[in-house]
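**Q** Residues per chain, in single letters:
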Amino acid sequence: MNPWDLIMNNAPALAIAIPLLGAFVTPLINRAGRKAMLVWVIAVLAFTEFIALLLVYQVNTYGIQVYVFGANPHTLTVPPDSGGIPVRIIFTIDGMSAFTALISATLGLVVGIYSVGSEKFQTAQEKFFALLLLLVVGMMGMALTGDIFNFFVFLEINSLAAAALVSYHLNKGKAVEAAFKYAVVSSIGALMILFAIAILYGEYDALNMAMIAQRMYQTGFSTYDMIAMTLILVTLAMKCGAVPMHYWVPDGYGEAPGGTSAILVVASQASLYGLFRMSFTVFGLSANTSSLGWFMIILGLLSMFIGVTMAFLQHDIKRLMAYHAVSQTGYMLLGVGVGLATLGTAAFNQYGLYAMEGGIFHIINHALYKGLLFLTAGAIIYRVGTSDLNKMGGLAHSMKFTAVFFLIGAFAIAGIPPFNGFASKLMIYESVYQLNPFLAIVAAIVSMLTLASFLKVFHSAFLGPKIYDVKEVPKSMLFAMSILAFFIILFGIFPNIAIHYLVAPAAHALANPLGYITKVLGGGA
Amino acid sequence: MLADYLIWIFIIIGLIFNGLGVIGLLRFPDVYTRLHAATKATTFGSIFTSLGVVTLAFWKLYETGNTANLVLSIHTLIAIACLLLTNPVGAHAIARAAYRSGVKPKMAVVDRLEEVNQDD
Amino acid sequence: MIFNLPFITVIIVMFFGFYAMVFRRNLIKVVIGLDLVESAVNLFLVSLGYVKGGVAPIYTSAPSTHMVLPTPQALTLTSIVIGVATTAMLLSFCMVIYKHYGTLDTRKVRRLEE
Amino acid sequence: MRNVLMSIVFLILLAFMLYVAINPGDFGSSTGEHFVFGAPKFTDMDNYFIHNGQNQTAANNIVTSIVFDYRGFDTLGEASVLFTAVLGVGVVLRLLGGGRNDE
Amino acid sequence: MIEDIIQILVLIGMMITAYLSVKSRDLMECAILLGVFSFLLSLEFFILQAPDVAIAEAGIGAGLTTAIFVMAVRKTTRWEVEE
Amino acid sequence: MMSKIVRTQANFLYPFILIFGFYVVAHGHITPGGGFQGGAVIATGVALVAVAYGYDTIKKWIKKTHLTAAEGIGLLCFIITAFIGLSTSFFYNFLANSGLIFGNRVPYGINPGYLNTAGTLPIMNLAVGIEVLGGLSVIIMYMMAYGREVKQ
Amino acid sequence: MISIWLVAALILMICIFLAIARAVAGPTLADRVVALDTINTLIVAIMIILSVVYSEVIYVDIAIVYALLSFVATLYMAKYIEGGF
Chain A
1 MNPWDLIMNN
11 APALAIAIPL
21 LGAFVTPLIN
31 RAGRKAMLVW
41 VIAVLAFTEF
51 IALLLVYQVN
61 TYGIQVYVFG
71 ANPHTLTVPP
81 DSGGIPVRII
91 FTIDGMSAFT
101 ALISATLGLV
111 VGIYSVGSEK
121 FQTAQEKFFA
131 LLLLLVVGMM
141 GMALTGDIFN
151 FFVFLEINSL
161 AAAALVSYHL
171 NKGKAVEAAF
181 KYAVVSSIGA
191 LMILFAIAIL
201 YGEYDALNMA
211 MIAQRMYQTG
221 FSTYDMIAMT
231 LILVTLAMKC
241 GAVPMHYWVP
251 DGYGEAPGGT
261 SAILVVASQA
271 SLYGLFRMSF
281 TVFGLSANTS
291 SLGWFMIILG
301 LLSMFIGVTM
311 AFLQHDIKRL
321 MAYHAVSQTG
331 YMLLGVGVGL
341 ATLGTAAFNQ
351 YGLYAMEGGI
361 FHIINHALYK
371 GLLFLTAGAI
381 IYRVGTSDLN
391 KMGGLAHSMK
401 FTAVFFLIGA
411 FAIAGIPPFN
421 GFASKLMIYE
431 SVYQLNPFLA
441 IVAAIVSMLT
451 LASFLKVFHS
461 AFLGPKIYDV
471 KEVPKSMLFA
481 MSILAFFIIL
491 FGIFPNIAIH
501 YLVAPAAHAL
511 ANPLGYITKV
521 LGGGA
Chain B
526 MLADYLIWIF
536 IIIGLIFNGL
546 GVIGLLRFPD
556 VYTRLHAATK
566 ATTFGSIFTS
576 LGVVTLAFWK
586 LYETGNTANL
596 VLSIHTLIAI
606 ACLLLTNPVG
616 AHAIARAAYR
626 SGVKPKMAVV
636 DRLEEVNQDD
Chain C
646 MIFNLPFITV
656 IIVMFFGFYA
666 MVFRRNLIKV
676 VIGLDLVESA
686 VNLFLVSLGY
696 VKGGVAPIYT
706 SAPSTHMVLP
716 TPQALTLTSI
726 VIGVATTAML
736 LSFCMVIYKH
746 YGTLDTRKVR
756 RLEE
Chain D
760 MRNVLMSIVF
770 LILLAFMLYV
780 AINPGDFGSS
790 TGEHFVFGAP
800 KFTDMDNYFI
810 HNGQNQTAAN
820 NIVTSIVFDY
830 RGFDTLGEAS
840 VLFTAVLGVG
850 VVLRLLGGGR
860 NDE
Chain E
863 MIEDIIQILV
873 LIGMMITAYL
883 SVKSRDLMEC
893 AILLGVFSFL
903 LSLEFFILQA
913 PDVAIAEAGI
923 GAGLTTAIFV
933 MAVRKTTRWE
943 VEE
Chain F
946 MMSKIVRTQA
956 NFLYPFILIF
966 GFYVVAHGHI
976 TPGGGFQGGA
986 VIATGVALVA
996 VAYGYDTIKK
1006 WIKKTHLTAA
1016 EGIGLLCFII
1026 TAFIGLSTSF
1036 FYNFLANSGL
1046 IFGNRVPYGI
1056 NPGYLNTAGT
1066 LPIMNLAVGI
1076 EVLGGLSVII
1086 MYMMAYGREV
1096 KQ
Chain G
1098 MISIWLVAAL
1108 ILMICIFLAI
1118 ARAVAGPTLA
1128 DRVVALDTIN
1138 TLIVAIMIIL
1148 SVVYSEVIYV
1158 DIAIVYALLS
1168 FVATLYMAKY
1178 IEGGF
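Protein chains in written order, with the numbering used here: chain A, 1 to 525; chain B, 526 to 645; chain C, 646 to 759; chain D, 760 to 862; chain E, 863 to 945; chain F, 946 to 1097; chain G, 1098 to 1182.
For reference, chain A alone in the conformation it holds in the complex (with noise of 0.2 Å):
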């Protein structure tokens, strides 16, 4: 078997192992040197990135993909000898876990390349680039997975590599402290979620999707699933950081070192796509998606408005950074449970499924536009050496790339036409306004906050006499934010290339629950 067909049928698993085994090994490798380390991980996350991009096409082309471990051959889910259930851990890749993971992947590379310049004088630092593969692994394997026992211990990754990093700046023990924070809210989470895994194991005898899916839709919708569900929605919109258990994430962002922030934006996205995922195809055909979707949609409304109204009152740059994050998660869960609450009626065709795609197209471009915003953030405090607001001014004068970079993003995440923010905010306001006007109305006026308070920032931090007689970053951070900044204007300009390749595959995927418990038990349900 030549190596193509080798890593074209075992894609889903090398899309872990890869970044696994690099992982394991960047702590050996560091003995031979700096040099030799650096060049390894960024290969490794590479790679991962190339095998993302092979899994989108795998989907655009072929459908939805699975793969199961141990097996033999790997697409045989059902043992033929098991009376029709699958016993093994099944990734199954659709639509929507391959869009997540390229997102994923692609925020790996990017910190990647920024953090060889900007955690350069850091002692450890093959332990941060080890932690930082073992993050792309906890999100990539949250996507892909099919298992949800699989996607509890990928979230434990997850989230553990993620409290490590931002704990990596001692920076006086408040760092410490706000990883310790990050670290009980999503052990704690993640306990959780295994008791509801207990309980739904305990029901139907089953830890795959799928199956617990097509059990419950024969049995009904009993109070333990209910007790689960609960379990479950909240313990992730806890993990993305919507408004009433939202506490840990301005700590959390605002001390995790240089670029660390932009990764764990999309760290908290995957746990965003984890709530779609259980509510549209594990609990999507029983419960009442009605109420869900509206759920969801309050969840918005609330992040949305008290994010960004607490992004008025900080003077942290990071800080605000994060309160603004929290706003624009609000975006997502507002268009993506506008989708939800019209599941199954006629008015899902008509506007639902178009505000589905607007919350989804929203999920990358926030990705890119707070990622390269929490870049710039990163550049100006590795070289102005503080990230309070109000001792910083004039940084326009030297750091003009940056500058340049930071009113991108600034504009993107405002939805100023020529960028990307604009025309997933459009698609989010069109639709959402067909349900209610109300919701739409708030939506624009939030986004109006933002870019005042944008606007704000740019104002007292590069605008004004020259404070800091500094340099520019080194290139590879400025090279990293070059790649952001390209792809944000590219979505801006030519939306219909995301939308089409990426958004819309996985809007249907997500709307279309039958067919993935189809693909993986092979007919029934």
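Simulated from the structure, these hints should not be mistaken for laboratory data.
The beta-carbon is built from N, C-alpha and C at its ideal position, and this holds for glycine as well.
Be aware that one or more of the hints could be misleading.
[Unchecked claim] Here are a few chain B residues that face chain F, going by a calculated C-beta distance under 10 Å: (1) L602; (2) A606; (3) L610; (4) A618; (5) R621.
Since the structure of chain A is provided, determine the placement of chains B, C, D, E, F and G on it from the hints.
**A** Frame of chain A; chains B, C, D, E, F and G shown alone:
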């Protein structure tokens, strides 16, 4: 039937010693006496209950010839050895630590260890 | 009723853990609460798979099929190792926090941070 | 005030969960009596493991065959969780006695 | 019957130790009671016919976690509320 | 450093714990136990020596870098074993029932240890055992090491 | 014949409860550690007895692991009391 009686005797001895040890743990006045009662007596008692198991295993081996019982007896003997090795040392470590941390025996009149230490 | 006692224990221990995590302000106490919750979930998993009169899922003697369910035990093994990893990491965080702030009281830590 | 409110919420939740734990409802209704609890209406996955585990993986211990074969990928994830935790401990404790002095 | 009584006693012991380890102000006492809780949990796994899990809990929960807790208390502070 | 009795006992007990840990690891597919449990047992042995002799003595014998390397190597063995089955599928148990090394069937019943069985399971057990041994020991070592310089 | 083992296990279990009482009440830390040590020994005995009850030979392994490892926990406690590390 000899084995039955033997097992009964072992178990009863073991239980009595365990019970006495725990009662001593509850009733004695200070750390050292409690340590004395608890560790010594419970080690002794646990070994005797385990010896009952060994007797049963040998008896069954003799009766049925099933080698599983041999494994049982050997493993139980290993467990007894572990108990014998670890417990006294643990007790010693606790007593020494308690003495060093300044816990005084309640009703003791002479403290030879202190005298020795003073001589140094 | 009496056979539900493991589950009642699970709920009660879990709520003690939550109590420690929410109402106690010491960071190590929070970790203790987390440990309790995790133990409770482990117990829940294992007792979920228990079959009355079943034997452990290991073929030692004659091939018996009346066994307790093996999957929850496998899941619990995973969960235990994850738990010790989390505990170790959180406790090392505690040590560093104490080093820098001189206290483990959450409210004092927050005040010192300002 | 906040504490009182939280306590009330806690107690209500506790009572609810206890009620659920005491009255398992339809959680064990079908095959009932020989399970303590749970009594999954379905036991086919575990039965598959019990019946075929020894033949397919040739291990006497079914738990090990599940941990390392059927759900081996979980074990890989779990091992990497431990690896992550060790890296995290190393990162956090790297300054005082953790890193430079010994290496 | 007697098996059930043993199991009930183990479970009640677990509840008691869990409660006391939450209530106590002395973190060392908490660590010790958590150790006892872990031992009883291991015994409960034993009774529930899960030997693999019982070994893991005995090794990790009872041995290592107690050691780690003791070291963490040593490196920080023993009393929950200072002053 | 603890008293001489404890140290002597630790000397005596450590090989015993080591042997028993390897027994638990190697017989993982026959008796209860396996990689995690055995690794934890051996790591507790390391913890025993560490507590008996004190950190200052023990750091000359056991280097943290060696333990980290052991952890990495164990994980590498594990994932490479999984990779070898890649031509069929990841984690494919290519040795079970094949008649090669480790490829025999376990007979029913109590046995003195037919170790030559169960395909890739013993290899994975051993790999995970090494990994867990390294990981847990290095956690113990880090926590013992932390904050020592300040006290002196 | 089985019942005597069960009765023995029950009595040992009650003994454990008494030891827990000492672990809770103990005025000094050393008292609690003594109680912990006692509980370890008793649990090892119970495990050995129960493995006879369940007639599973391999369960004795757990007791061995237990006897070996609880010792380490005791040593750590003792070292804490001594003021070590």
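**Q** Determine for every hint whether it applies to the structure shown.
**A** Do the hints match the structure? See the list:
For B:L602, the interface hint is violated, since its Cβ never comes within 10 Å of a Cβ in chain F; the closest pair sits about 14 Å apart. Annotation: interface hint on B:A606 holds; nearest CB of chain F at approximately 9 Å, less than 10 Å. Below 10 Å, beta-carbon pairs count as interface contacts, and B:L610 has one with chain F at about 6 Å; its hint therefore holds. The restraint placing B:A618 at the interface with chain F holds, with a minimum CB-CB distance near 5 Å, inside the 10 Å limit.
Interface hint status for B:R621: upheld, as the beta-carbon distance to the closest one in chain F is roughly 6 Å, under 10 Å.
Going through the hint list in order, the structure does not satisfy hint 1, though it satisfies all others.
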